Amino acid sequence: MLDVTDLSVSYGTIRAVRGISFTVGKGELVSLLGANGAGKSSTIKCIAGALKAAGGSIALEGKDITAANPEQVIRAGLATVPETRDVFPDLTVAENLMLGAYIHRRDQAGNRQNLEKLHTLFPRLAERSGQAAGTLSGGEQQMLVIARALMARPSVLLLDEPSLGLAPAIVERIFEMIATLKQSGLTILLVEQNVNQALSVADRAYVMRLGAIVASGTADEIRSGSDLSAHYLGG
Amino acid sequence: MAFAIQFVIDVLSLGGAYALMALGLVIIYGILRLVNFAYGELIMVAGYTMYLSSGSGLPWLVMATLAVGMAVLFGILTDYAAFRPVRAKSVTAVLITSFAFSNLLQNAALLFISPRPRNVPLPEIFSQTISIGGAITPVRNLITIAASIVLLAGVAFLMRKTTLGIAMRAAATNFTMARMLGVPANLIISSAFALSGFLAGVVGILWIGRIGTVVPGVGLEPLLVAFIATVIGGMRSLPGAVVGGFLLALIDTTLNYTLSQDLLKFRDAFTFSLVILILLWRPQGLIKGPASGQRT
Amino acid sequence: MKHSYLTAVILIAVIAAVAVGSQVLGIRLYDRIATNLLISLVLVVGLQTFMGNSGLLSFAHIGFMGLGAYTSAVLTIPAQMKGMALPDLYGFMKAVEISPLLAMFAAGLVAAVVAAVVAYPLMRLSDAAAVITSFALLVVLYTVMNNWSAFTNGPRTLFGLPKTTELPVAAIVAAIVVVVALVFKESRTGKLLRASREDEVAAAALGANIPHLRWRAFILAAFIAGIGGALWGHFITSFAPKAFYLKETFLIITMLVIGGANTVTGAVAGTILVTVAYEGLRGTEGALNATAAAAGQVVGLTEIVLALAMIAVMIVKPGGLFPNREIGHILNRTRRKKEIATP
Numbered sequence: 001m002l003d004v005t006d007l008s009v010s011y012g013t014i015r016a017v018r019g020i021s022f023t024v025g026k027g028e029l030v031s032l033l034g035a036n037g038a039g040k041s042s043t044i045k046c047i048a049g050a051l052k053a054a055g056g057s058i059a060l061e062g063k064d065i066t067a068a069n070p071e072q073v074i075r076a077g078l079a080t081v082p083e084t085r086d087v088f089p090d091l092t093v094a095e096n097l098m099l100g101a102y103i104h105r106r107d108q109a110g111n112r113q114n115l116e117k118l119h120t121l122f123p124r125l126a127e128r129s130g131q132a133a134g135t136l137s138g139g140e141q142q143m144l145v146i147a148r149a150l151m152a153r154p155s156v157l158l159l160d161e162p163s164l165g166l167a168p169a170i171v172e173r174i175f176e177m178i179a180t181l182k183q184s185g186l187t188i189l190l191v192e193q194n195v196n197q198a199l200s201v202a203d204r205a206y207v208m209r210l211g212a213i214v215a216s217g218t219a220d221e222i223r224s225g226s227d228l229s230a231h232y233l234g235g
Numbered sequence: 001m002a003f004a005i006q007f008v009i010d011v012l013s014l015g016g017a018y019a020l021m022a023l024g025l026v027i028i029y030g031i032l033r034l035v036n037f038a039y040g041e042l043i044m045v046a047g048y049t050m051y052l053s054s055g056s057g058l059p060w061l062v063m064a065t066l067a068v069g070m071a072v073l074f075g076i077l078t079d080y081a082a083f084r085p086v087r088a089k090s091v092t093a094v095l096i097t098s099f100a101f102s103n104l105l106q107n108a109a110l111l112f113i114s115p116r117p118r119n120v121p122l123p124e125i126f127s128q129t130i131s132i133g134g135a136i137t138p139v140r141n142l143i144t145i146a147a148s149i150v151l152l153a154g155v156a157f158l159m160r161k162t163t164l165g166i167a168m169r170a171a172a173t174n175f176t177m178a179r180m181l182g183v184p185a186n187l188i189i190s191s192a193f194a195l196s197g198f199l200a201g202v203v204g205i206l207w208i209g210r211i212g213t214v215v216p217g218v219g220l221e222p223l224l225v226a227f228i229a230t231v232i233g234g235m236r237s238l239p240g241a242v243v244g245g246f247l248l249a250l251i252d253t254t255l256n257y258t259l260s261q262d263l264l265k266f267r268d269a270f271t272f273s274l275v276i277l278i279l280l281w282r283p284q285g286l287i288k289g290p291a292s293g294q295r296t
Numbered sequence: 001m002k003h004s005y006l007t008a009v010i011l012i013a014v015i016a017a018v019a020v021g022s023q024v025l026g027i028r029l030y031d032r033i034a035t036n037l038l039i040s041l042v043l044v045v046g047l048q049t050f051m052g053n054s055g056l057l058s059f060a061h062i063g064f065m066g067l068g069a070y071t072s073a074v075l076t077i078p079a080q081m082k083g084m085a086l087p088d089l090y091g092f093m094k095a096v097e098i099s100p101l102l103a104m105f106a107a108g109l110v111a112a113v114v115a116a117v118v119a120y121p122l123m124r125l126s127d128a129a130a131v132i133t134s135f136a137l138l139v140v141l142y143t144v145m146n147n148w149s150a151f152t153n154g155p156r157t158l159f160g161l162p163k164t165t166e167l168p169v170a171a172i173v174a175a176i177v178v179v180v181a182l183v184f185k186e187s188r189t190g191k192l193l194r195a196s197r198e199d200e201v202a203a204a205a206l207g208a209n210i211p212h213l214r215w216r217a218f219i220l221a222a223f224i225a226g227i228g229g230a231l232w233g234h235f236i237t238s239f240a241p242k243a244f245y246l247k248e249t250f251l252i253i254t255m256l257v258i259g260g261a262n263t264v265t266g267a268v269a270g271t272i273l274v275t276v277a278y279e280g281l282r283g284t285e286g287a288l289n290a291t292a293a294a295a296g297q298v299v300g301l302t303e304i305v306l307a308l309a310m311i312a313v314m315i316v317k318p319g320g321l322f323p324n325r326e327i328g329h330i331l332n333r334t335r336r337k338k339e340i341a342t343p
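Protein chains in written order, with my numbering: chain V, 1 to 235; chain F, 1 to 296; chain U, 1 to 343.
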């Protein structure tokens with residue numbers, strides 16, 4: 001589904017990602033793990049088209065999207081939820097969701113149907129439909145950005161650190177929801193620092209450190225791998 | 001009573017024009033965080049289009065539509081000539097290129113048309129006056145008020161109710177995120193320039209209608225008005241631009257009525273001093289814009 | 001040699017070359033162009049002290065030049081001429097007549113004081129708002145000059161300034177201004193100001209009060225502009241307020257931007273380059289107007305070409321010809337590289 005081959009990302013002369021390769025199969029939930037500064041977010045931004053790749057290739061369903069800009073990536077079927085939880089704070093919840101369906105704006109019937117489905121998944125968003133998104137709590141904003149991404153009806157969803165800065169109880173709920181999405185057949189790439197939570201929902205995982213992939217395997221293999229915490233703590 | 005009516009009409013007609021001028025500038029600034037110094041020249045373009053088409057025998061409304069159309073066209077052209085090539089480089093670079101483009105257009109008018117004022121065709125109604133409750137006022141003031149109400153309502157509708165408008169507001173707070181949802185950057189930017197040109201075109205006709213002639217430097221005063229109104233209102237807020245425009249008109253009109261002839265010459269200096277006072281009190285302007293986002 | 005000394009020496013040598021070169025040629029026209037060039041140099045380098053260090057564009061610079069020119073005029077026009085040149089001048093000012101050198105200094109001071117008062121609140125504004133209020137400030141200064149008849153003779157031409165600006169005087173002032181700009185650039189204020197452009201938080205952590213730093217740079221720039229105005233006033237000897245407005249603003253910004261606003265070397269290089277281009281274009285315009293076909297109709301061509309050049313420079317080389325290193329720095333580096341290459 002999503003094939004990343006030998007991808008490099010640079011900021012000026014600093015190489016943040018050094019030739020990494022990984023794949024996400026159809027219907028799979030793959031997690032990309034690593035500490036702060038491991039290059040995870042740069043990888044995500046690059047896949048989403050917000051950063052230019054310095055080398056390597058990215059393919060979605062066999063189609064090359066390496067040089068695509070953000071508008072083209074979402075049209076190709078890949079939706080991104082950035083770690084900065086970018087709701088449009090002055091727009092209402094409903095307007096945020098409506099923009100999520102921007103690429104389907106000609107298909108209002110389909111959008112209404114999709115919105116109803118999402119409202120059952122996120123009842124809070126239905127309640128707060130007319131409220132400015134900036135007034136929502138952190139957890140609600142996270143739900144909103146995920147729901148907004150799903151309004152684009154993507155074939156692959158990129159989730160960047162959905163648990164960042166949220167209370168444990170809310171993190172729990174977010175991961176339950178991610179599990180639900182996976183069961184519905186969505187292909188997901190989940191970037192996380194919260195290893196245990198991520199591995200509890202993931203099929204497979206890759207571990208990044210200093211811009212390179214240093215371990216990969218099924219969730220169980222990674223969990224039992226003795227070197228994980230060492231990579232994690234940067235030791 | 002007559003005086004009060006006169007005063008209110010003056011403030012509203014001047015304020016309506018000022019608000020539209022400011023709005024056209026803020027629409028670009030809000031999305032790109034970039035100031036368009038060539039904004040005044042869009043008004044000039046509308047004026048010269050009227051002048052050049054005056055011999056054509058077309059009905060006035062057709063000429064006016066043509067003038068607004070040219071302002072829209074030149075608005076989009078500004079993007080291609082002055083903004084797009086340097087947008088990614090630096091804020092100062094765009095200030096300089098748009099300032100250069102403004103000079104280019106003005107001097108082109110100087111070279112190809114004339115440094116001297118040129119008459120602009122105006123319908124009869126622009127020079128008529130009407131008496132309301134004892135106050136005698138030019139009809140064009142009422143036209144200006146009506147046009148600004150319609151346009152402000154139109155812009156509000158566009159920004160609140162249409163997908164394009166909502167996408168523009170979204171792009172104003174977080175351009176990259178809007179693009180990640182599939183909103184095409186170029187469409188948004190071109191729309192913003194087109195809308196800015198549209199407002200400049202309409203306000204240009206109303207503005208030039210007050211004097212009846214167009215010169216290469218005609219855009220300077222509207223540009224200055226837009227600058228001051230947006231700084232007062234808050235650089236990035238659309239409602240702020242409107243409030244700033246009306247407030248500036250209130251200040252200007254009050255000074256017009258109260259200052260002696262000798263001091264009236266310094267009106268701009270008094271206005272500017274008031275702006276400084278407002279900024280001392282509120283450096284961000286009266287209305288804070290949407291939460292900050294990254295410039296693109 | 002420390003590279004800023006080297007830069008100062010080279011730039012002063014360039015100024016001397018302009019002055020001496022023109023003297024040697026002995027053509028009066030070149031003498032005028034060279035003096036004009038050196039006065040522009042004072043103004044452009046003055047603008048560089050603010051813009052190069054703060055990163056903010058200021059449109060008000062020429063307005064302060066105007067203040068300087070008028071201050072010096074009021075202080076130096078001979079008492080017996082004042083009745084004619086400035087009929088509405090306040091009584092107590094009528095007898096004042098000081099030496100042009102002293103008046104030039106006063107011109108700088110007046111510009112600096114006005115700048116200090118009006119600019120303080122403006123320096124707190126964010127980038128774009130600061131720039132557009134500086135533009136508004138230019139318009140206001142122009143309005144005041146145009147209407148304060150007592151001091152400026154209103155929109156009419158003011159005449160009767162003693163002609164004291166000769167080529168050597170302009171060259172000496174230009175050289176001093178270049179040194180001042182280089183010293184300011186290397187001063188604590190200059191360094192902090194430039195650091196704050198890269199990283200506001202870090203600079204604030206170093207104790208930098210950014211609006212205050214900008215304010216100092218703005219005052220210095222206005223002081224130099226005032227001096228430049230006086231210098232120009234005593235060169236041209238008669239002028240009207242419209243000499244201190246948009247056209248001239250466009251010209252000095254073009255000079256600074258094409259040369260490179262971040263360096264004093266850029267300011268000098270841009271001034272020389274644009275002056276040469278400007279005089280060339282003006283000559284062409286004049287020649288075209290002399291032909292029967294154009295018959296005095298060609299106006300604005302010079303500005304159109306300069307505007308296109310400015311846009312082109314911004315696209316190709318947004319930092320100008322000397323984007324971040326002074327000439328002394330560049331020479332030192334190439335010399336060091338050579339030393340390494342040939343041990």
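Note that these hints are calculated values from the structure, not bench results. Here the structure is a predicted model, which is why all the values come from computation and not from measurement. Don't take each hint at face value.
[What the hints assert, rightly or not] Here are the computed lysine-lysine pairs in the DSSO-like style, where the Cα-Cα straight-line distance is at most 27 Å:
#	chain 1	residue 1	chain 2	residue 2
1	V	K63	V	K52
2	U	K242	F	K89
3	F	K265	V	K117
4	U	K338	U	K2
5	U	K94	F	K89
6	U	K338	F	K265
7	U	K191	F	K265
8	F	K265	U	K2
9	U	K242	V	K52
10	F	K89	V	K52
11	U	K191	U	K317
12	V	K26	V	K63
13	U	K317	F	K265
Structure-based check of all given hints:
1. K63(V) <-> K52(V): Satisfied, since the Cα-Cα distance of roughly 17 Å is no more than 27 Å.
2. K242(U) <-> K89(F): It is violated: about 34 Å lies between the C-alpha atoms, which goes past 27 Å.
3. K265(F) <-> K117(V): Outside the cut-off at roughly 66 Å; violated.
4. K338(U) <-> K2(U): 17 Å, holds
5. K94(U) <-> K89(F): Violated, at about 53 Å.
6. K338(U) <-> K265(F): 64 Å, violated
7. K191(U) <-> K265(F): Violated, at about 42 Å.
8. K265(F) <-> K2(U): Answer violated: K265(F) to K2(U) is near 53 Å, above 27 Å.
9. K242(U) <-> K52(V): 50 Å, violated
10. K89(F) <-> K52(V): Given pair K89(F), K52(V) holds - Cα atoms ~16 Å apart, limit 27 Å.
11. K191(U) <-> K317(U): Distance of about 24 Å is within 27 Å: holds.
12. K26(V) <-> K63(V): Roughly 14 Å separates the two Cα atoms, so the pair holds.
13. K317(U) <-> K265(F): Cα-Cα ~43 Å, so violated.
The earlier numbered hints that this structure contradicts are 2, 3, 5, 6, 7, 8, 9 and 13.
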